[in-house]
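First to last, the protein sequences are chains X and B. Take the first sequence: its position 274, counting from 1, is numbered 274 in the working numbering, and each next residue is one higher. Take the second sequence: its position 153, counting from 1, is numbered 153 in the working numbering, and each next residue is one higher.
The set of hints was computed from the structure by calculation and includes no laboratory data. Since this is a predicted model, take the numbers as computed values, not measurements. Be aware that one or more of the hints could be misleading.
Here are the simulated DSS-like cross-link-like pairs (lysine-lysine), alpha carbons at most 30 Å apart as the crow flies [to be verified]:
| no. | chain 1 | residue 1 | chain 2 | residue 2 |
| --- | --- | --- | --- | --- |
| 1 | X | K149 | B | K61 |
| 2 | B | K229 | B | K92 |
| 3 | X | K121 | B | K61 |
| 4 | B | K229 | B | K218 |
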Amino acid sequence: MITEIAPAPERAVSESARPRRGHRAWDEVPRRRIYLPLSVYLLFTLVPFYWILLFALRPAGSTSLVPWPVTFEHFGKVWTDRGFGTYFANSVYVGLATLVLTTVVALAGGYALARFDFRAKRGFMLALLCSQFVPGALLLVPLFQIFAKLSMINSLGSVVIAETVFQLPLSMILISGFIRNVPYSLEEAAWVDGCNRLTAFRIVVLPLLRPGLIAVGSFAFVHAWNHFLFALMFLSDQGKQTIPVGLNTLMSADSVDLGALAAGGIVAAVPVVVVFAFIQKWLITGFSAGAVKG
Amino acid sequence: MAQAAAVAEPPAPPRRRRASATPRRLPYLLIAPAALLMLGFIAYPVLSVFYYSLQNYNPTKPWRNGFAGLGNFTQAFSHDPQFWDTLTFSAKWVVVEVGLQLLFGLALALIVNQTFVGRALGRALVFSPWAVSGVLTSVIWVLLYNSQTGITRYLADVGMGSYGTSWLSDTSTVFPAAVVADLWRGVPFFAILILADLQSVSRDLYEAAEVDGASRLKQFWHITLPHLKDAIVLSTLLRAVWEFNNVDLLYTLTGGGPAGETTTLPLYIANTSVDAHNFGYASALTTVAFVILLFCSMVYLRLSKFGGETK
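The following block holds chain X by itself, in its conformation from the complex (with noise of 0.2 Å):
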């Protein structure tokens, strides 16, 4: 977590090449214009991070505000009596299958809009964009009843076809973007060698396209795991819920317990804290590179 977010590489260079002069530059504002401000904000960001710990670590019954003696209780609770190991399971296997989906599908969609050109692109793009207007959860009813027909209903392959589908979009326009931006003159060298399209692809293209694969298959992956609606409608039988359903549960049972709902949060978040520390650098190099080309 605790990397440059966004390096602004030749910023750094005209700073240190060009000579100070006397007076004041944009940037140096007076200090406490900065952490007066900033400290401000950082109490409102962290307090509710603090306040979540606090309620998973300290013993049920306490209003300490310091968690002290720790005690790790209502991670047992929530894993066991509350089902969380199993939830915990059932959301891993929706992220990842949305993350492979996602990404195999939209690889294959951004190759073509990338490097040819067929009657139906233009058309095709536009219908890209025009379904960043429609609303998943607006569609509940229709997408329950396809999935009734196709008896998907209680499967989680209904939830990760839904997660899947509403990512494409973006995925497919930001993959584009990245694929664009490697030369075709690499893989015509790599044709001229004797390899076809498939495997000029694979050694000379798929090696570049890394930070962009890694930056849309994680948004891909928190985004499945993270959202709730689609787990919540297609999902009754309580074997095949995700952690956000459970999560959900526990926050509307008739007396909230607070400990084990703080510690299934934590739970929750965990993963996605992982994924964005592993790949904090990757993600912001992709997403500009996608945003500027896509």
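Once you've looked at the hints, dock chain B against the given chain X.
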């Protein structure tokens, strides 16, 4: 053979150069999976929503099913105060949320764009709620707002307010309470996008302005803001659509209550279709929501002259 042909061909712009070995069908094969998924699970549902909006359709009352004409729409516009209430609340929610998120996000981006000690850490920390899901946001703020051991208890300890206050179940405080919870997660979104765009402002412009004696406020107004305009227009639009449609947070935080005080139109639609099984009417409301979104987006893009003659 194919290689020889490829070598012999004169260099041509990439688009033109469809390798002779490539079948004409290839691009269609490549987009087929995506196209089929989107046809089946976006286009077809959208069309079926339009179709059902003209029908009386309620699986629990099959004897009344049938063509309804515009009946569902007249019902919504002239006989359903809840439709107007939820629509008004949706508008209020979107305007307040997007406005405040933009304001704080812009300020935050300008602050962390400065050079100062601890900048990397500061950025990572202030952006961190961005990755938190709507449901998890609700969990966190339910813990903060709960009447027994929430923040109000500790405020009461130091003499502010009274014990047992629950901001989420009081109609006068639920709106600001929900707004703050959603701001916590939404501000980083704007801050990240604006910060990214700030990287591309030419520093020469500021230097020139400084030489001309322009105050910092004037520099912000005449250099920074025009540069950010397109990014701001696009991000506010995307965010407004997203805030309008997003039901995760309000569904789990307030459940639309108390007394329907925080029910947005999409929440009302979900209740109408899922709890009341009134699919026909819910479809009509969905159609209305589509049209409103589309209309507002177009008006917004037109009014803001997006991609126009700025810079």
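Against the structure, the hints:
1. X:K149 / B:K61: Answer holds: K149 of chain X to K61 of chain B is near 20 Å, not above 30 Å.
2. B:K229 / B:K92: The given pair, whose Cα atoms are some 23 Å apart, holds under the 30 Å limit.
3. X:K121 / B:K61: 45 Å, violated
4. B:K229 / B:K218: 16 Å, holds
Taken one by one, the earlier hints fail for this structure only at number 3.
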